[in-house]
Amino acid sequence: DAGVIQSPRHEVTEMGQEVTLRCKPISGHDYLFWYRQTMMRGLELLIYFNNNVPIDDSGMPEDRFSAKMPNASFSTLKIQPSEPRDSAVYFCASRTPGHSGELFFGEGSRLTVL
Amino acid sequence: SQQGEEDPQALSIQEGENATMNCSYKTSINNLQWYRQNSGRGLVHLILIRSNEREKHSGRLRVTLDTSKKSSSLLITASRAADTASYFCATINTDKLIFGTGTRLQVFP
Chain A
1 DAGVIQSPRH EVTEMGQEVT LRCKPISGHD YLFWYRQTMM RGLELLIYFN NNVPIDDSGM
61 PEDRFSAKMP NASFSTLKIQ PSEPRDSAVY FCASRTPGHS GELFFGEGSR LTVL
Chain B
1 SQQGEEDPQA LSIQEGENAT MNCSYKTSIN NLQWYRQNSG RGLVHLILIR SNEREKHSGR
61 LRVTLDTSKK SSSLLITASR AADTASYFCA TINTDKLIFG TGTRLQVFP
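Taken in sequence, the protein lines are chains A and B.
Residue numbering for the first sequence follows my numbering, starting at 1 and increasing by one per position.
Residue numbering for the second sequence follows my numbering, starting at 1 and increasing by one per position.
One should not assume that every hint holds.
[As the list claims (entries may be wrong)] With a straight-line cut-off of 25 Å between C-alpha atoms, the simulated PhoX-like cross-links for lysine-lysine are:
{"#": "1", "chain 1": "A", "residue 1": "Lys68", "chain 2": "B", "residue 2": "Lys96"}
{"#": "2", "chain 1": "A", "residue 1": "Lys78", "chain 2": "A", "residue 2": "Lys24"}
{"#": "3", "chain 1": "B", "residue 1": "Lys56", "chain 2": "B", "residue 2": "Lys70"}
{"#": "4", "chain 1": "A", "residue 1": "Lys24", "chain 2": "B", "residue 2": "Lys69"}
{"#": "5", "chain 1": "B", "residue 1": "Lys69", "chain 2": "B", "residue 2": "Lys56"}
{"#": "6", "chain 1": "B", "residue 1": "Lys96", "chain 2": "A", "residue 2": "Lys78"}
[To be verified] Residues from chain A that keep clear of chain B, each with C-beta distances beyond 10 Å, as calculated:
{"#": "7", "residue": "Glu11"}
{"#": "8", "residue": "Asn52"}
{"#": "9", "residue": "Ala93"}
The hints are simulated quantities; they were obtained by calculation from the structure and are not laboratory data.
Every residue gets a Cβ at the ideal spot worked out from N, C-alpha and C, and that includes glycine.
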């Protein structure tokens, strides 16, 4: 298995532009998580899905952020409009069925908003 | 919100020495997990310890859990330069895995 695949790995954009980050989870995993990592705030859980349904989006910082999971093999995190404070590394992770399952992380998408 | 707090924030040691990292958490847990993150990479799962376990080993890793103190420790024995990374503890809150602040470990050859 190729693992969790994220794209793009790096994105540099200007303030006000729309940013779309993509994630392909590991086949058979029923949970998908989006995290954001910054030096100041560490790893923050933004939103997670179970069987493609958003379960908890309380970590999404603002209405500018939205996430979708149209099917079991694809998810997107969109920021519109982007702001410099959104600069961070965004990670997608998926998990095997069962509450004790370990998370498998992608390599992250490093976003820089100028 | 972060569930765990790691201590120390940073640790520098020589190859061959042992490295100990501590994690404190706030709420009751079903299990606690430790992850490793190399610079510029995603997190990788290292080991899981269940709430009814007190100690667990995996290769050069030893994890302890004290639920009465809401704390865990990760010991890496005979460290190597390749162990240089950040280490995070994580606890499950309902379905969510919440990560601590991490310990940055530097192992010098």
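> Which earlier hints turn out false for this structure, listed by number in ascending order?
Replying inline: Violated: hints 4 and 9.
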